[in-house]
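Novice: What follows is the residue order along each chain.
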Amino acid sequence: MERLQSIDRRWIYLLLALVVVIALLNPIGLPVKVGNTTRTMFEAVDALPPGSVIWIGMDFNVSSKAEQFPMVSVLLDHAFQKNLKVVGFAMWPNGGQIFKQLVEPVAKKYKKVEGTDFLNIGYKPGNGVALRAMVTDVNNGAAGVDHNGKPITSSPLGQQVKRLTAQYVNFVVDIAAGDPGTVDYLNFVATPEKIPMATAVVNVSVPQEMPYVQSGQYKGLMGGLRGAAEYEILAKAVGKAAAGMDSQSLAAVLITLFIVVGNVGYLATRGKK
Amino acid sequence: MANILNPANLTGAIVTLAVLTFLIKDNPVFDLFQHIFVGLYFAYSVGLTYHSYIKPTIADDILKKGFYSYIIPIILGLMVYFMFIPSLSWIARYPMSFWVGYGVGLTLGFQPAALFPQITSTFIKFWGLKTIGRDINAILLFVCVVTALAYFFFTVRKERTAVGYTAELGRWVIMIALGAAFGNTVLYRVTLFVGRMQFLMGDWLHILK
Numbered sequence: 001m002e003r004l005q006s007i008d009r010r011w012i013y014l015l016l017a018l019v020v021v022i023a024l025l026n027p028i029g030l031p032v033k034v035g036n037t038t039r040t041m042f043e044a045v046d047a048l049p050p051g052s053v054i055w056i057g058m059d060f061n062v063s064s065k066a067e068q069f070p071m072v073s074v075l076l077d078h079a080f081q082k083n084l085k086v087v088g089f090a091m092w093p094n095g096g097q098i099f100k101q102l103v104e105p106v107a108k109k110y111k112k113v114e115g116t117d118f119l120n121i122g123y124k125p126g127n128g129v130a131l132r133a134m135v136t137d138v139n140n141g142a143a144g145v146d147h148n149g150k151p152i153t154s155s156p157l158g159q160q161v162k163r164l165t166a167q168y169v170n171f172v173v174d175i176a177a178g179d180p181g182t183v184d185y186l187n188f189v190a191t192p193e194k195i196p197m198a199t200a201v202v203n204v205s206v207p208q209e210m211p212y213v214q215s216g217q218y219k220g221l222m223g224g225l226r227g228a229a230e231y232e233i234l235a236k237a238v239g240k241a242a243a244g245m246d247s248q249s250l251a252a253v254l255i256t257l258f259i260v261v262g263n264v265g266y267l268a269t270r271g272k273k
Numbered sequence: 274m275a276n277i278l279n280p281a282n283l284t285g286a287i288v289t290l291a292v293l294t295f296l297i298k299d300n301p302v303f304d305l306f307q308h309i310f311v312g313l314y315f316a317y318s319v320g321l322t323y324h325s326y327i328k329p330t331i332a333d334d335i336l337k338k339g340f341y342s343y344i345i346p347i348i349l350g351l352m353v354y355f356m357f358i359p360s361l362s363w364i365a366r367y368p369m370s371f372w373v374g375y376g377v378g379l380t381l382g383f384q385p386a387a388l389f390p391q392i393t394s395t396f397i398k399f400w401g402l403k404t405i406g407r408d409i410n411a412i413l414l415f416v417c418v419v420t421a422l423a424y425f426f427f428t429v430r431k432e433r434t435a436v437g438y439t440a441e442l443g444r445w446v447i448m449i450a451l452g453a454a455f456g457n458t459v460l461y462r463v464t465l466f467v468g469r470m471q472f473l474m475g476d477w478l479h480i481l482k
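Chains A and B, in that order, are what the protein sequence lines are. The first sequence: position 162 = 162 (our numbering), numbered continuously. The second sequence: position 143 = 416 (our numbering), numbered continuously.
FYI, nobody ran anything at the bench for these hints, they're computed from the structure. Everything numeric in this text was worked out from a predicted model, so none of it was measured. Errors might be hidden in some of the hints.
[Claimed, not checked] Covered stretches of chain A, as calculated for chain B (at least 3 residues, CB under 8 Å): (1) 9 to 16; (2) 59 to 66; (3) 141 to 153; (4) 216 to 229.
Even for Gly, the Cβ is constructed at its ideal location relative to N, Cα and C.
The shape of chain A in the complex, shown without the other chains (with noise of 0.2 Å):
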């Protein structure tokens, strides 16, 4: 029993590796049952007629590329279906770059124009502030310049979007791992514009962000690769997500056992001890 609780961590990362590999060359299609939040957030962008404009913001970077490309890649493509138009904006510094890396495959998928579909405004240090700067005035709070350093008032979104506010967006969906983030959209943003906002965060999120799902602060929300999946599987738009799922289940499971047997050894020597 003292064994079990001195296994070799690289047994188990070895073990985990094995079955996220087999997983994701064997896939099995355990079934992704759609939750509550995703499929809010789902019907809030379903909802908003042709022509409304979305603003995404690209709060995180590359480490969560797992989890949140995929929440981007589906959203942009659903927002494409519906025939909205998209403003990406960042207060994490590679969100622009990641926007642009994203949005141009989703977009000539639609055969949507940069500048008239969307608008990249890129990464705009000041986080709060930014947000405030960019409520009074887009153009000004983005110093005047896209992410591609084009004048922002040179494309017709650029010009249709004047300041962040419920006249000029319709709804507001922040990507966000960490801070800045959801928080500075929902205090400096949502709440006092009364514009309709969702999130996307990574896993590690969830529990701190469902109380402003319950509170019906948010419309909805996507979380980690999961939330991913299931936003796929309600945009018919089946990627890189739904195909990590058997993956991260299977290794969930295996987790779970590694936990159970730890504890059934923990328990069997403390009395010894």
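Place chain B on chain A using the hints.
Specialist: Same frame as chain A, now just chain B:
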């Protein structure tokens, strides 16, 4: 084969494998790539901030449009660097005081409106919900919030008192909440690994279906 030797993919694969070597044990390869990553990220952030904000503000707003008042925050910002000169470090306190004051003012001005729905949904949305499940959820939420708050009443005597028993329940609530948070953290790490494996086997080696 061409895709395997594609410089971007190859670099990504080498870096990924180098970082994963940490799972065996801490080693110089991991340390090297960790430093490269931090350095690249910092350099990229500085460059990006300069080109997307500092340069357009100085070149367009101040020099072309004549918004000379923008020089004031620039001077305030530069004053922060006096903290590196011990004899003049007091100068850095002035911009810091503006910074903190602005931050506190902004937060105090906007946060209450976002906070009130949290309070009302905990205490007022307590009955009249449509299903038994939601009613149970509402009661659980109420009980958990109150007991967890009771745990932090340090000014009240807790031995064998009502507050003490409530706080004990609150301690369990906090432990369960932390357990759930830990579970999510573990799952997040697994997801990152799944993502890296999708890159190695899909984008790089092309052996995924």
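Novice: Would you mind marking each hint as holding or not holding in the structure?
Specialist: Hints versus structure:
no. : hint       : verdict
1   : 9 to 16    : holds (count 3)
2   : 59 to 66   : holds (count 5)
3   : 141 to 153 : holds (count 5)
4   : 216 to 229 : holds (count 4)
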